[in-house]
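**Q** Going down the list, the sequences are from chains B and L.
At position 166 of the first sequence the residue is numbered 166 (my numbering), and the sequence of numbers has no breaks.
Remember, my numbering sits 218 above the position in the second sequence when you count from 1.
Keep in mind the hints are simulated off the structure, nothing from the lab.
Cβ coordinates follow ideal geometry from the N, Cα and C atoms, glycine included.
Treat the hints loosely; a few may be bogus.
Unchecked claim - Computed footprint of chain L on chain B; a stretch qualifies when at least three of its residues, placed anywhere within it, have a C-beta under 8 Å from a C-beta of chain L: (1) 73 to 82; (2) 97 to 104; (3) 165 to 175; (4) 197 to 210.
What the hints assert, rightly or not - Some chain B residues flagged as far from chain L (calculated, every beta-carbon gap over 10 Å): (5) Phe4; (6) Val10; (7) Arg11; (8) Ala179.
Here are the chains, one letter per residue:
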Amino acid sequence: MMDFTLWDIVRNLLLSMRWTVVLSLIAFIGGGVVALLLTVIRLSPSRWVQWPVMAYVELFQGTPLLMQLFLAFFGLGALGIQVSAWTAATLALVLFTSAFLTDIWQGCIRAIPPGQWQGARVLGLGRLQTLHHVILPQALRLAIAPTVGFSVQVVKGTALASIIGFVELTRTGTMLNNATFKPFLIFALVALGYFLLCYPLSLYARHLEKKLNVTGSR
Amino acid sequence: MAMALDFSALAPYGGEVAAGVATTISLTAVATLVGITAASVLAWLKLNGPAGVRWGIQAYVELVRNTPFIVQLFFIFFGLPALGVSLEAWVAALIAMTMNLTAYATEIVRAGIESIGKGQLEAARVLGLSRRQTYRHVVLVPALRKIYPALTNQCIIVMLGSAVISQISVEELTWAANFIASRNFRNFEAYILATLIYLALSIGMRQLFRLAGWHFLGGRQGRPSS
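Input sequences plus hints: build the corresponding full structure.
**A** What follows is the structure in structure tokens.
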């Protein structure tokens, strides 16, 4: 058996953190793009258009991310499409992220008082003009802090990709543990790795919340 | 060639699924009750305790909120035995779930308590309410009402997150789905079934919380208490 020094362990964990970061970025950016589309669709006055978006959000928020990963991994396989852990993890995390971001952003748009819509209407602005010039600039301001805050959930969510065999920080920790039998040290280091990624994001979200003064009670 | 879905292949495993659902529900129920109680105490201590205690609670909350649940679970189940603390899988899972919920709920309850305006306390004093009466009727209950939707969501998130404890062989719902898949290779059907059950559980939990809220808080959750 090969001997691992502390540095070997730390180095391997640091290297694997790249994939946690890459997967997080893909999920967050991809999820953001899908969420943007869904948020725009959700703005349609037609119930028949709104309803499927709401069902989509409800479905992804009401089921475990782990199940979504399993369905992407084994489900596509059962349909005859062979997918790698990479593809399945990316797909599931993008959809998961998009559902939560759609919910957050939609909430921000709804939080704009109806008087703003009415005021714009009185001024002769159309629906799209009102959205573009009146509602979205204000909603965007509301949305920044919770969006950054949610990125923490995305980073933590990528840890579940380890279960379908995606080699990132958690998976590397499990493999190192199997080779070295030092679970206390290794999982503490893995936790530290995530903390180093997530804590700055949490702090930044809190800072934005204070700066933009958009916390719950005003 | 894509294979056809065959849900009848799941029928022989009804017992495993039912047992799995029961385990998921029991663990969630205990974690929820203990977690919310502990969080109410920690939130109070975080606002009124000595500096050292406040700092400790803050560190605990941040540590839990900024690391993945699965890593917390592995640390407790695989890591702690190295210190001589050996836990059964379900105990480790219950500790991890409770710890996780407590950290988030502490933050939620604290925000609720902080949102009660000073004027409310002064008014209570003018009206001649005692400290205890004030804390109960003016601070705690209105605070809980305000944060009730967030608390509900967090408890549902913990229930959904418990799917991960199948990884340390706790025989809950996801474990049952894995078990079926390992027997008849009907992965897709097994996971669809489990997913639908989780969806039903989260909808059911939301209704249950709504009923409990009406009963204990008087049906005005999520609205400003002024």
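**Q** None of the hints should be skipped; say for each whether it holds.
**A** Tested hints:
Counting residues of the stretch 73 to 82 of chain B whose CB lies closer than 8 Å to any CB of chain L gives 6, so the stated coverage by that chain holds, three being the minimum. With 0 residues bearing a CB less than 8 Å from a CB of chain L, the stretch 97 to 104 of chain B misses the requirement of three and the coverage assertion fails. Counting residues of the stretch 165 to 175 of chain B whose C-beta lies closer than 8 Å to any C-beta of chain L gives 3; at least three are required, and the coverage claim holds. Interface restraint, the stretch 197 to 210 of chain B with chain L: holds (3 residues with C-beta to C-beta distance below 8 Å; minimum three).
Every C-beta of chain L lies more than 10 Å from that of Phe4(B), the closest at about 16 Å, which supports listing it as non-interface. No Cβ of chain L comes within 10 Å of the Cβ of Val10(B); the nearest lies about 16 Å off, and the non-interface call holds. With a least beta-carbon separation of about 19 Å from chain L, Arg11(B) lies farther than 10 Å from that chain, consistent with its non-interface assignment. The Cβ of Ala179(B) lies farther than 10 Å from every Cβ of chain L, with a closest approach of about 14 Å, so its non-interface assignment holds.
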